[in-house]
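Chemist: One-letter residues, chain by chain:
Number of protein chains: 2
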Amino acid sequence: MDYNYRHSSRRLTIFAHFFGVLAFILMLIWLLHYRGGLQYDSYDNYDRVFNVHPFLMYCAFIFLAGEAMMAYKTVQASHHSQKIAHMVLHLSAFILGVIGISAVFKFHDMAGIEDMYSLHSWIGLSTFCLFGMQWLFGLFSFFSPAATPETRMRVAPLHRAAGRALLYLSICAALTGIIEKFTFQRLKNEREARLMNFMGLSILLFGIFVDLSVALARDSSPPY
Amino acid sequence: MDYNYRHSSRRLTIFAHFFGVLAFILMLIWLLHYRGGLQYDSYDNYDRVFNVHPFLMYCAFIFLAGEAMMAYKTVQASHHSQKIAHMVLHLSAFILGVIGISAVFKFHDMAGIEDMYSLHSWIGLSTFCLFGMQWLFGLFSFFSPAATPETRMRVAPLHRAAGRALLYLSICAALTGIIEKFTFQRLKNEREARLMNFMGLSILLFGIFVDLSVALARDSSPPY
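Here the protein sequences come in this chain order: A and B. Under UniProt numbering, the first residue of the first sequence carries the number 1, and numbering increases by one thereafter. Under UniProt numbering, the first residue of the second sequence carries the number 1, and numbering increases by one thereafter.
Simulated from the structure, these hints should not be mistaken for laboratory data. Model, not experiment: these values are computed from the prediction. Any given hint might turn out to be false.
[As the list claims (entries may be wrong)] Simulated crosslink set (PhoX-like; lysine-lysine; CA at most 20 Å straight-line):
id : chain 1 : residue 1 : chain 2 : residue 2
1  : B       : 83        : B       : 73
2  : B       : 181       : A       : 106
3  : A       : 106       : A       : 188
4  : A       : 181       : B       : 181
5  : A       : 188       : B       : 83
6  : B       : 181       : B       : 106
7  : A       : 188       : B       : 106
8  : A       : 83        : A       : 73
9  : B       : 188       : A       : 181
[Unchecked claim] Chain A is faced by these chain B residues, among others (derived, beta-carbon under 8 Å):
id : residue
10 : 157
11 : 175
12 : 182
No residue lacks a Cβ here, since even glycine has one placed at the ideal position from N, Cα and C.
Based on the provided sequences and hints, a complete structural model is requested.
Modeler: Dropping the structure here:
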């Protein structure tokens, strides 16, 4: 029924890459220039341990996961290779996510801060668990020889819809995290405040362009 | 290509209503029991003026807008009546949104707080402007006699994708707003903190179920 938006979808992918890389650069400037750098195994500098958390969570659950969603359009290879790229990118995201989450628990331990009281932590940890379940569900549905093409076609719309929901959950987790840090530091109109806002906006725009590029191209790729 | 998810989509709509109403109730308990109530024209109580803002923004840009998105499934009437319900619900959302936004500017004036420095305000005001543009774009594309069925079919996927992006933008605005207030009040594990977290989660789940119910039903309704 729908028109073929394959061409505009490609342009949307480029916008997505742009905002993804922009957010990555802004994140690095923020952590290295304003927040003292990253170090997971620091014994005395809590902040350097904490900084591993936003960096890895963005790289994993937003950038890599978003790129994985667009793999069917960006990876110029057979459909099977695209599927493998999609799966492996999500797996890497999950592994980096484990390190990123353990960094923030380590920071809380070092600084004597309570765990899991904020909305950010609730959204973040739920997203992480659901992400793991979606990955396993995807593996069984699309890679297992037991799943027939019939099953895959039935499961595909659910897999896509759940994947999109997870992308937006991750974006919400990121934005609530940024604003929590922003408010804790009592920032207003300093340069760091502007930088953090632009970083948050870039993350949001990355998510929106990933969603749009995938949604508008959905009729131009096979459903499983 | 996709299977018809009309039946599961109906169940998803019920989940959406449930979380929408739950968020509304939690919002009322929060504002009336913990935050001293709502009053737009209060001269001395800043907080009561502020409280109009989260209440109206949730009712307008999340609840009414979400219900408007589901109108094609929930309003048991002709397609034309569904279109009118969709348009009128969005228009009401826009009007309530204007009052809700002016409430927070009024609060800032009264309390001597700077405007527009936070990520919440940036996301919120951008969403508001884009929402207005999407409404006008929808009016011209789907109600103007000048737009042919051909144009409508071409525009529909863009309108749907942009609408979904706006729903998630509103959710991000709401969650960043809640967490900003939460952090300003330095809440931790008090009852109010839990209530606010559950309210935030309900808002997020409302958005996700609206999206899922509309996305999974997309092949069971005409595209314009």
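Chemist: Take the hints in turn and mark each one as holding or not.
Modeler: Hints versus structure:
no.: 1; hint: B/83 to B/73; result: 11 Å, holds
no.: 2; hint: B/181 to A/106; result: 26 Å, violated
no.: 3; hint: A/106 to A/188; result: 28 Å, violated
no.: 4; hint: A/181 to B/181; result: 13 Å, holds
no.: 5; hint: A/188 to B/83; result: 43 Å, violated
no.: 6; hint: B/181 to B/106; result: 17 Å, holds
no.: 7; hint: A/188 to B/106; result: 19 Å, holds
no.: 8; hint: A/83 to A/73; result: 11 Å, holds
no.: 9; hint: B/188 to A/181; result: 15 Å, holds
no.: 10; hint: 157; result: 5 Å, holds
no.: 11; hint: 175; result: 5 Å, holds
no.: 12; hint: 182; result: 7 Å, holds
Checked against the numbered hints given earlier, the structure breaks hints 2, 3, 5 and satisfies all the rest.
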